[in-house]
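Novice: Fit chain R to the known structure of chain Y by using the hints.
Protein chains in written order, with the working numbering: chain Y, 1 to 312; chain R, 1 to 312.
Incorrect hints may have been included.
For chains that are exact copies, the list does not tell them apart, and a pair is met inside one copy or across any two.
[What the hints assert, rightly or not] Dumping the calculated SDA-like pairs for lysine to any residue here, alpha-carbon to alpha-carbon at most 20 Å:
id	residue 1	residue 2
1	K99	A290
2	K59	N43
3	K71	L216
4	K297	A116
5	K74	E102
6	K50	L12
7	K244	W55
8	K164	P21
9	K99	P64
10	K164	G283
11	K164	L34
12	K164	F19
13	K244	A15
14	K56	R10
15	K164	N20
16	K164	R38
17	K164	N43
Think of the hints as simulated: they come from the structure by calculation, not from any bench.
2 protein chains.
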Amino acid sequence: MTVATCDAIRELILAYQEFNPPNVNELEEQPSALEFMRYVAQNRPFVVRKGAAGWKACKEWDIPYLLSIMKDQKVQVAKTPFGNADAPLMTGDGMIFVKPFEEHEAFAQVLAALQAREQGTLLPHVKDPVCYAQTQNDNLRNEYGNLFADVPASVPFARIALQKEPDAINFWMGNSHSTTALHRDPYENIYVQVLGRKHFVLLPPVEAPCVNESDLPAATYAPVGCPAQCKQGGEGLDLLLEPKLDEPSSSVPFATWDPDLPDVRPTRFSHLSRPYRVTLDPGDMLYLPALWYHKVKQSCSEQGICVAVNYW
Amino acid sequence: MTVATCDAIRELILAYQEFNPPNVNELEEQPSALEFMRYVAQNRPFVVRKGAAGWKACKEWDIPYLLSIMKDQKVQVAKTPFGNADAPLMTGDGMIFVKPFEEHEAFAQVLAALQAREQGTLLPHVKDPVCYAQTQNDNLRNEYGNLFADVPASVPFARIALQKEPDAINFWMGNSHSTTALHRDPYENIYVQVLGRKHFVLLPPVEAPCVNESDLPAATYAPVGCPAQCKQGGEGLDLLLEPKLDEPSSSVPFATWDPDLPDVRPTRFSHLSRPYRVTLDPGDMLYLPALWYHKVKQSCSEQGICVAVNYW
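Chain Y on its own, in the form it takes in the complex:
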């Protein structure tokens, strides 16, 4: 990279920061389609505090209700040793990108595992995987279809502005042990917190040179020293997971810089980054524009779970 190119990139990042507010706009009610489109045009996020507080999901969902609707329904669950699904992992052989071990289990079993781990009724040790129901394949209209009636079929301001129905509506259920690594999606995203709190760290697209995107060998967690049948879904609580490189081999371009550990693997631009931080409480709604980097941590409700819904 030439000096002139570096200077140009630095100036672009600093100019963006100079001409934009340093925080995520907070609205008190859902915007009109036109107001929303202004945010889309500027590629700027906003939060609507209590914007979804009136949804049946936000008023009714709790553990007994979810169990009554979903108890024996098989759902897909991602399991990792450290809550690091779809994340970079440093190994003795260098950095890799690890996808979770995926199992299908009864909803009640997943919920119990999440609560137990969160509430410390198990002694945490390496054989307890961290579970996260985080499939992003329109699961709220499929596996979790019995809960779909509790949320709107679309977010009106977004449907009218973008002139389309949502591509996918997803249900997320995890606990505080799961972190979503810094990444970006090519979709406009409306994110609604239902139970627990989500802590977002956001970087605008112009800060792409800060995140140290690298091509990482792709791997997937798999059980170790485990009889074959445990791969078909065992108890889920006695599972030692280790990453195995995918075959055939492939690589994934992924951010390797973490805004919470700014001195680790920085690029020459990382120190310029000014991350936006925003926490969603139950009932809050976030518009996360396409191509914004986001890292997501969560803290749980008293019931020991975090639940959210998003629309793409």
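Specialist: Structure of chain R alone, referenced to chain Y:
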């Protein structure tokens, strides 16, 4: 520039072309504010055919009317030898950026010079400058204020969507000898043709690597061999203009590639450019998004002038 950077730029240009229509959208009526905002969000131009046909300007403006309103009003006029105001010029010492010689003359005098040159009643020779009333300093609310009542004070869909009044409203009057060189502006632009036709060549911002932007020494046309008083505005028809480098010296970053002469001064990316071409007839309205490159030629009405209005 590394090979990887070149590949990335090429892919970006080709991806833009693949995912966007190859033409300027044509609307049959003015969009709503929300529809307009969708174009702004996508940074895409559109034409509203006959979108301004109902404006008093489009119905009433002709030479007698303009003369009756503006006859003795002094207006600023740009003069160049070849209709090349604010354009790159190749000289024996290399390429420079030349601004026009500016004079204040009575509107009737400017109009007569434009018509005469267009209709060939003068023998064209190098001493006949090409005139263009092209100040972009909100002139329709100042010098041309007597005509301002004939156009709307704002374009409603744009005012509502962007939540602001126009920064500037400009009146343009020239003839077919003037060409506006390929350049871009940091403003959202609504452009309305009133008399004559305008021929736009448009390049999306992603094609910036195609235009060979270079730092050019700034110069201004000045009269040669002319007594001092001619600088104060003489007849305007007997004026030999030559570029003089500005003092103190300065430079202007400017596109040096011309999509109509694609083999002259190309970059390694110019051959990838797919210019959009659109012609405005009287009453047509163009939305030219911020940062789109545009080159503009014009052809005249039977009355020998081209008149347009734009809102920034």
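Novice: All hints are to be evaluated individually against the structure, with a verdict given for each.
Specialist: A quick look at each hint next to the structure:
Taking the closest pair of Cα atoms, K99 and A290 never come within 20 Å of each other, the shortest separation being 22 Å inside a single copy and 41 Å across copies. In the homo-oligomer, the alpha carbons of K59 and N43 never lie at most 20 Å apart, since the shortest distance is 31 Å inside one protomer and 40 Å across protomers. Taking the shortest alpha-carbon separations for K71 and L216, neither the intra-copy value of 38 Å nor the inter-copy value of 72 Å comes in at or below 20 Å. In this assembly of identical chains, K297 and A116 lie within 20 Å of each other by CA distance solely inside one copy; the values are 19 Å within and 73 Å between copies.
Within a single copy, K74 and E102 get their C-alpha atoms as close as 12 Å, which meets the 20 Å cut-off; across copies the closest is 78 Å, which misses it. Proximity of K50 and L12 under a CA criterion of 20 Å is satisfied in neither setting, with 35 Å inside one chain copy and 39 Å between copies. When the C-alpha separation of K244 and W55 is checked against a cutoff of 20 Å, the pair qualifies neither within a copy, at 42 Å, nor between copies, at 70 Å. Proximity of K164 and P21 under a CA criterion of 20 Å is satisfied inter-copy only: 19 Å between copies versus 29 Å inside one chain copy.
Taking CA atoms no more than 20 Å apart as the test, K99 paired with P64 passes in neither setting, with 31 Å inside one copy and 75 Å between copies. For a Cα distance limit of 20 Å, the shortest separation of K164 from G283 qualifies neither inside one copy, at 24 Å, nor across copies, at 33 Å. For the identical chains of this complex, K164 and L34 are neighbours both inside a copy (15 Å) and across copies (14 Å), given an alpha-carbon limit of 20 Å. Taking the shortest alpha-carbon separations for K164 and F19, only the inter-copy value of 18 Å comes in at or below 20 Å, while the best intra-copy value is 31 Å.
In this homomeric assembly, K244 and A15 never come within 20 Å of each other (Cα to Cα): the closest approach is 43 Å inside a single copy and 34 Å across copies. Taking the shortest Cα distances, K56 and R10 never come within 20 Å of each other, neither inside one copy (46 Å) nor across copies (49 Å). Only between protomers do K164 and N20 lie at most 20 Å apart by alpha-carbon distance; the minimum there is 18 Å, versus 29 Å within a single protomer. When the C-alpha separation of K164 and R38 is checked against a cutoff of 20 Å, the pair qualifies both within a copy, at 17 Å, and between copies, at 13 Å.
In this assembly of identical chains, the alpha carbons of K164 and N43 lie at most 20 Å apart whether taken from the same copy (18 Å) or from different copies (19 Å).
Hint compliance for this structure: hints 1, 2, 3, 6, 7, 9, 10, 13 and 14 are not met, and every other hint is.
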